[in-house]
Amino acid sequence: MLIAVCIKQVPSPESRVRVNAAGTWIREEDVSWTLNEPDAYALEEALRLKETHGGEVIVISAGPARVATVLREALARGADRAVHVVNDQPESAADPQVTATMLAEVLADAGADLVLTGLQSDDYGFAQVGVALAEQLGISHATIVMNVEIGDGRVRVKRELEGGMFQWLTMPLPAALTIQSGINQLRYATLRGIMAAKKKELRTIPAPRVAPSQRILNVSPVSRRTGTRLLDGTPAEAAATLASLLSQRDGGQVIK
Amino acid sequence: MIVVLAETRNAELHPGSLEAIAAAQALSPDRLILALTGMPGGTIPTDVGSLDVHDVVRLEHELLAGNPTDGVVTALGAWLNEVSPDLVLTAHTYAARDIVPRLAARLKRPLVTDCTALRVTDGHAVFTRLLFQGKLAAEVTLDGPVPHLATLQAGSFRGDTARRRSDPPPIHRIPAAISSDDVRHIADPPFRDAQQEIDLTRADRIVAVGRGIKDASQLSLIQKLAAALGAEIAASRPICDNGWLPMDRQVGSSGQTVTPALYVAVGISGAIQHVVGMKGARTIVAINKDPDAPIFEIADYGIVGDLFEVVPALIAALEQR
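Listed in order, the protein sequences are those of chains X and C. Last residue of the first sequence? That's 295 in the numbering used here, and every number before it is there in order. Last residue of the second sequence? That's 864 in the numbering used here, and every number before it is there in order.
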């Protein structure tokens, strides 16, 4: 079985993101980069399926040169080979259908039985690429997947619904699934894995030129609600103020 | 023309669909169509009969029982190609996340997801959406031929402001253009996972912990704070994903929705998926080292600082009282 995993490099959750001088995007030089968390779970699920059913795991990412880091990391965790769709036009990343087209071009040739990706990215948060990819490839899809079972040329998935509900869905292979965080326990790269990754194939191909039809006009910090009272001072001072405020709030009903 | 793709829940209009109607009405006086899909002869929510929309369309086919995603995409795709609206709006629900990106790709038209505001400038729609899990906001525009598609974040528009009218809008039941080849998904009935042991919805006070705690071994600090406040412990998704706390402690869109008198968010950045589950708390306290963390947008009291310094100080202050 060939499993393709589409992954993205995003600013790490701890990064402080600041708006650039033009007000059109962030200052990328300020942030540290990491593997998009839901994509890490998608990769882990692919590695587990390979361990059960055999086959090969190929990781694909579209983006500038820095993206090679997360592809190497995926190889170190156990993926067999990687394809980097080198895209140096940052404005095209603002259109998830363009990203899907870039990935679909690789996948149309790869002939994967299963395409996995995270349910959304922590940067744009579109939650579109995996689904648009399925449509472009003409294969079935399911989103927000919490369990994957393969058998008889079909895939059975447990899909998360609203309000703590779930649903099992069965569909023919090939299929594309968007994976929810927490579907499994992540493994991290071992030293042996990192050494082995150096010998694995990381192919680069140029991104096709596709005109985006979605544009960011401006980016700005989210305005703070005026009702928020920030408590200053040392931790001890701020904590004492908070304890005092809470004991007076709502006629003393908030804390006892 | 604007089309709002609506969902039903327990035979009622989904609250998000009502919000999308309100958004469409506020955006433009254009012709507004509310679209539903389902089995032939299925009930139309009574609520729909009083909405100020020009038409209600229900695409119907035996194969649309339970609204399987692939069938719904084909039915809506064919119909939207025919009526060619300018804009298609829908709530950013779990169902929409499954259906709408595929619909947009089928139509080869752009889709902007999870919008929190929209306006029209010089005849072009401008959409506001959040980036970096709520840390920044972006204004976005779509280019190329219509229809353009957009999904709206839950709670961004007021469903109760949707305009009503006394005479019910005309209802058109239209046979959907689909065949059995279009429906390859087999869906089992929805179910609730193992009985939840903890009902956080009944808690008066909640101390919730997020990624900022860094390690499971530090959770004892949060337990001490919860004990000092007489509070239940809850968590944001990453903590439960890591197995540091059981899933039934999770607050947010995929966990429980809580409305306690006091909610203390410790090391929680305030990603929208968490915020939707707790923004109804009466008093919200946020402790986070990142002054730009979105949790401070909704907090009543905020302390910007290292939780490993602030929380022990708070425990001491509470114990001294």
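No lab work stands behind these hints, which were simulated from the structure alone. Check before you lean on any hint, since a few could be wrong.
[Said to hold, decoys possible] Listed next, the stretches of chain C that the computed footprint assigns to chain X, with coverage defined by at least 3 CB atoms under 8 Å from CB atoms of chain X:
hint: 1; region: 566-575
hint: 2; region: 593-599
hint: 3; region: 640-646
hint: 4; region: 678-691
hint: 5; region: 824-830
[As the list claims (entries may be wrong)] Cross-link-like lysine-lysine pairs, in silico, DSS-like; alpha carbons within 25 Å at most:
hint: 6; chain 1: C; residue 1: LYS822; chain 2: X; residue 2: LYS295
hint: 7; chain 1: C; residue 1: LYS767; chain 2: C; residue 2: LYS822
hint: 8; chain 1: C; residue 1: LYS757; chain 2: X; residue 2: LYS295
hint: 9; chain 1: C; residue 1: LYS651; chain 2: C; residue 2: LYS757
hint: 10; chain 1: X; residue 1: LYS89; chain 2: X; residue 2: LYS295
hint: 11; chain 1: X; residue 1: LYS197; chain 2: X; residue 2: LYS295
Everything numeric in this text was worked out from a predicted model, so none of it was measured. Even glycine gets a Cβ: it sits at the ideal position worked out from N, Cα and C.
- Given the proposed pairing of C:LYS651 with C:LYS757, does the C-alpha separation stay at or below 25 Å? Status violated; Cα separation ~43 Å.
- Query: Are C:LYS822 and X:LYS295 close enough, with their CA atoms no more than 25 Å apart?
  - Reply: 22 Å, holds
- Message: Does C:LYS822 sit within 25 Å of C:LYS767, going by the straight-line distance between their CA atoms?
- Response: 24 Å, holds
- Three or more residues of the region 566-575 of chain C near chain X by CB distance under 8 Å? Since 0 is below three, the answer is violated.
- CA of X:LYS89 to CA of X:LYS295, is that 25 Å or under? Distance of about 54 Å is beyond 25 Å: violated.
- Query: If you look at each residue in the region 824-830 of chain C, do at least three have a Cβ nearer than 8 Å to any Cβ of chain X?
  - Reply: Since 3 is at least three, the answer is holds.
- Task: Check whether three or more residues of the region 593-599 of chain C sit with their beta carbon closer than 8 Å to a beta carbon of chain X.
- Result: violated (count 0)
- Task: Decide if the proposed pair is consistent with the structure: X:LYS197 and X:LYS295, CA atoms, cutoff 25 Å inclusive.
- Result: Measuring from Cα to Cα gives roughly 43 Å; hence the hint is violated.
- Checking C-beta pairs, does the region 678-691 of chain C have three or more residues closer than 8 Å to chain X? holds (count 10)
- Message: Verify this for me: three or more residues of the region 640-646 of chain C with a beta carbon less than 8 Å from a beta carbon of chain X.
- Response: Coverage by chain X holds here, the residue count being 4 at a Cβ distance below 8 Å.
- Item | Restraint status (C-alpha distance of C:LYS757 to X:LYS295 at most 25 Å) | 30 Å, violated
Hints 1, 2, 8, 9, 10, 11 from the list above are not met by this structure, while the remaining hints are.
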